[in-house]
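Let chain A serve as the given structure and place chain B on it in line with the hints.
Chains A and B, in that order, give the protein sequences. The opening residue of the first sequence carries number 1 in my numbering; numbering runs sequentially from there. The opening residue of the second sequence carries number 1 in my numbering; numbering runs sequentially from there.
These are calculated hints, taken from the structure and not from any lab test. Computed from a predicted model, the values in this text were never measured in an experiment. Don't be surprised by glycine CBs; every beta carbon is placed ideally from N, CA and C. Hints are supplied without guarantee of correctness; some may be wrong.
Claimed, not checked - Some but not every residue of chain A turned toward chain B, in silico, with C-beta under 8 Å:
1) A273
2) S290
3) F328
There are 2 protein chains.
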Amino acid sequence: MQFPRGFRAAAMAAGIKPSGKTDLSCVVSDTDCAWAFAGTRSTTAAASVLRNRELAGAGGAVRALVVNAGVANAATGRKGAQDNAVMAESLASVLDVPEDAVLSASTGIIGHLLPMDKVLSGVEHLPTELGTAALPFATAIMTTDTRPKTAHATLGSGARIVGTAKGSGMIHPDMATMFAFAFTDAAVDQGALRAAFPAIIARTFNAVTVDGDTSTSDMAVVFANGQAGATDEAEFLAALEGVMRDLARQIAADGEGATKLLTVRVAGARSEAEALAAARTCCVSPLLKSAVHGSDPNWGRVIMAVGRSGAGVDIEKMTVAVQGTPVFAGKPLHYDAAAVSASMKAEEVVFEVDLGVGDARGEAWGCDLSAEYVSINADYTT
Amino acid sequence: MQFPRGFRAAAMAAGIKPSGKTDLSCVVSDTDCAWAFAGTRSTTAAASVLRNRELAGAGGAVRALVVNAGVANAATGRKGAQDNAVMAESLASVLDVPEDAVLSASTGIIGHLLPMDKVLSGVEHLPTELGTAALPFATAIMTTDTRPKTAHATLGSGARIVGTAKGSGMIHPDMATMFAFAFTDAAVDQGALRAAFPAIIARTFNAVTVDGDTSTSDMAVVFANGQAGATDEAEFLAALEGVMRDLARQIAADGEGATKLLTVRVAGARSEAEALAAARTCCVSPLLKSAVHGSDPNWGRVIMAVGRSGAGVDIEKMTVAVQGTPVFAGKPLHYDAAAVSASMKAEEVVFEVDLGVGDARGEAWGCDLSAEYVSINADYTT
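Here chain A stands alone, though its shape is the one from the complex:
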């Protein structure tokens, strides 16, 4: 996949990851970008999130993004904040753009300082390797991801949107997931983009969960350099949401230890927010995730999770279906448990729930919980 017009990227192995895989990358636009940013609501947010949020507030245009993987540079004190700024400003210097025109992102172990010698010599080198392929960038931002995540859309005007994301564990975004970057050559008004962004995030990245753990480093950024000229705004926003949704589903499917994608569709809610809360609480439930892993149609855990979400429910009108088979409609229904269990041995398991109290809908995505999740995370640092 190629980036939209005017965007180029580079990736390299700078030696931050012990594995020797690519771990430092950047994306550069030839011209100024309108942009929108969403960052984690965590009260212990990483230095990169705090700096980007401040730049978003200032409202200026941006030209580039630098990302490292392997070290999250979170909980690293004032030194960590300085290192983050130096990483971004060094790239700005090499590119000869304003310091405030470069955003940064770091992912990996919390509480470790960046190896700044490796980072700075890498940042010097990166701009010499710029190319138009998106895959090297999408690969270099990975940590425990098993595959790079990209998605794209082409608009009627010829403008394109290319999205990339990473994330596999510590995924329960509370504003945006740990790294979703979208790049477009459509000309989009920054104010309109920022006005629409929260609702898109709510229906895409904030609707995905792997383990209920919100990262310190979550962020989603859209970069629009306008090189394809004017485009229909509604079409653009719908396409952007489609790209974001595609990436969100890819993150869920690639959850740490995941063998299946879990999709929960909630209808009949009082509000979209309650529908999303009910759907997401189902997707984060370790009990429902374990049942999905074992292809056990234990729909009582959907009842439990919806109840815990706080969403309004009329249990006498509530319905639940598993892989298309109705199992509850105000009371338990008779169904062929063996057949439903067999149907759950699939790449995607879908629960459909109607809360019986309104017309609002929402959908969320997660994954099954496997023993592999535990082994991945039991000895991450030692």
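Showing chain B alone in chain A's frame:
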């Protein structure tokens, strides 16, 4: 352990659990009890929770409690609500006490109806077997628990408090955990007991979590029959909290698949509620739980979980210690990772966190996350 004066109990295998273990039990007081009740905040609460809550609101005295395990009688529609009332009222009839003087509780699979023939013949039989031992009752209320949970205290007045609890999975109480019952012969004013109960619950059962999943059937009830006469109220409430806290820790230590108790103590918070939220968010984090399982001193996950909890933090003043070893104080500290990892191979792993923004404290309990949790829950119904 013997029940306090005037309380007797019976337990039997009524055939509700396929395993043939004891699954139907009751506790009866010779005389009227003052009582306090806390039930799940779930919007899909079980029939027993709804009926007990209604009786608590009516304010009358109670005489007995009937409990079944194996079937939760939740999400069972109007038939389930009727069955629950019939179970309680049948015991009332056999005991010749008012229908509203018998509480009920059901635990097990959600969405299955009670086998009422077995329940009713059991309820007829139970009162013929009443004795003063607490262990048979504590055993008959278990589901995936590996051991019965009891705790007790003796007051200066000679009054006693005997507490029993069950719970191993679907444990993230949002008002009370799935079954904590305390019985006392102390004479306690019902108004004073009910006034003090929410704060005790907040610091005990609502501070324990196994998997973040709030049950439909959680409840905590204290029964005080007054047969030991008047007692010092403050002493009684402190002793009650001690019994509740002991049971809460037992539930965490016996979490499904658990090999270790996880304790998180938070100090320096703006409020007790924020301290408890931060501590509990640490205890529910699958990432921190996995690290505890692997004896990995990955304290960055404490930073993450505290950040996600929403508790106020001054990260420059924040401190974290693992098993007594300081690892973070506004910035990462040097420590012997191998030695700390070795110290985590213990029955209890303690994290101490200071948020640096106030004087309030809180403590929560959980357990490690093991592959065994997944296998227990992957095929519970099929």
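For a quick check of understanding: which of the numbered hints are violated here, in increasing order? Hint check: 1 fails alone, others pass.
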